[in-house]
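There are 2 protein chains.
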Amino acid sequence: MDKIIDNLTKNFMRLPTVGPKTATRLAFHLISSPCNEIESLASAILSVKDVKFCIECGNITEADLCGFCSDDRRDRSIICVVEQPNDVMTIEQAKRFSGLYHILGGAISHLDGITPEMLRIAQLLKRVGTGLIKEVIIATNPNMEGDATALYLSKLLSSYDLKVTRIGFGLPVGGDLEYADPVTMARSLEARREMK
Amino acid sequence: MDKIIDNLTKNFMRLPTVGPKTATRLAFHLISSPCNEIESLASAILSVKDVKFCIECGNITEADLCGFCSDDRRDRSIICVVEQPNDVMTIEQAKRFSGLYHILGGAISHLDGITPEMLRIAQLLKRVGTGLIKEVIIATNPNMEGDATALYLSKLLSSYDLKVTRIGFGLPVGGDLEYADPVTMARSLEARREMK
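In order, the protein sequences belong to chains A and B. Position one of the first sequence corresponds to residue -8 (my numbering), numbered consecutively onward. Position one of the second sequence corresponds to residue -8 (my numbering), numbered consecutively onward.
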């Protein structure tokens, strides 16, 4: 195969969700794309290097403070802790949270060699230390790493005078019992609530 | 959402197989990627502009002639006609064809306004006109446009002293009758062979 295509395919394959077949398809698509589209994509990718992070919460931002941290209408007494900036988007789309965020930058993982020191935990404790925070919602992912991180944080935060909560787990809305995996089903049972 | 992410997401969404969810995921992945990976991807994309096309068959190449047209071990009496350069790869992977290729650059489509004049048909007739070609295999896609193109080509080629064939259609190997669509099943029945 042509070296240019080969190199482009390999680069695409480094991206998540892109396997060899998709990578090849994308590469061949670009070959027949107009020059301005190719340049636009390349420069959009390069512009990622200019992304800044909020000095307060660690979210993606264009100014020093992100849109949430600089918005006076947000509830400043509650912080939702997430792993990555894209998690903020998922939570915002639910339209149920109006507090501030804190982005850890990942989750504790012995397998991937990610220690608590590599996450933005010190910055979280500094924010909590102001005494203005009444609740910390831990919204790390519902997997081993996310749960370990949640446990670690809840222990650290137990010495502060605030509520520490974890997002609820259970069956997804619109889901079907038949397709629920055993772990989710177990969590769903544990999270059962009285209907009265 | 951040303007940089927004712009990158929109650019990704122009690619085939990339919807809004994947585009967002790719964009956020790049944010946390090392600088050299970002630059490598962008430059790989830009390098697509340097892709050249074989003056003989229209395939992707680095020199004037592509790897197939310049390879003396390939059978020069048989040409396989395909729509796009990536179709060549699919056929090569089957390891059953050792002739040359001819890339049309698409298929006749009234809907998309693609007329025979916009395809590399004149170049094919020129190659066939040398009298060295004994067979032309038409391997355009098994859809309306591909079939129309195959029919058009077979009529054009009927005045030359050579065999014109169309690739076989039927059930995919490893497939299941239960999941075959009616059109494929019909083609499969038409293409039935005696087992003796």
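Simulated from the structure, these hints should not be mistaken for lab results. Be aware that a few hints might be false.
It does not matter which identical chain is meant; a pair holds if it fits inside one copy or across any two.
[Stated by the list, open to error] Only pairs whose alpha carbons sit at most 30 angstroms apart, straight line, appear in this in silico BS3-like list of lysine-lysine: (1) Lys43 x Lys1; (2) Lys(-6) x Lys117; (3) Lys(-6) x Lys154; (4) Lys125 x Lys43; (5) Lys43 x Lys86; (6) Lys(-6) x Lys40; (7) Lys43 x Lys117.
Verification of the hints:
1. Lys43 x Lys1: Both: 28 angstroms inside a copy, 20 angstroms across copies.
2. Lys(-6) x Lys117: between (51 angstroms within a copy, 29 angstroms between copies)
3. Lys(-6) x Lys154: Neither, since 57 angstroms and 34 angstroms both go past 30 angstroms.
4. Lys125 x Lys43: The answer is within: 28 angstroms in one copy meets 30 angstroms, while 63 angstroms across copies does not.
5. Lys43 x Lys86: within (25 angstroms within a copy, 50 angstroms between copies)
6. Lys(-6) x Lys40: both (26 angstroms within a copy, 13 angstroms between copies)
7. Lys43 x Lys117: within (21 angstroms within a copy, 57 angstroms between copies)
Hint 3 from the list above is the single one not met by this structure.
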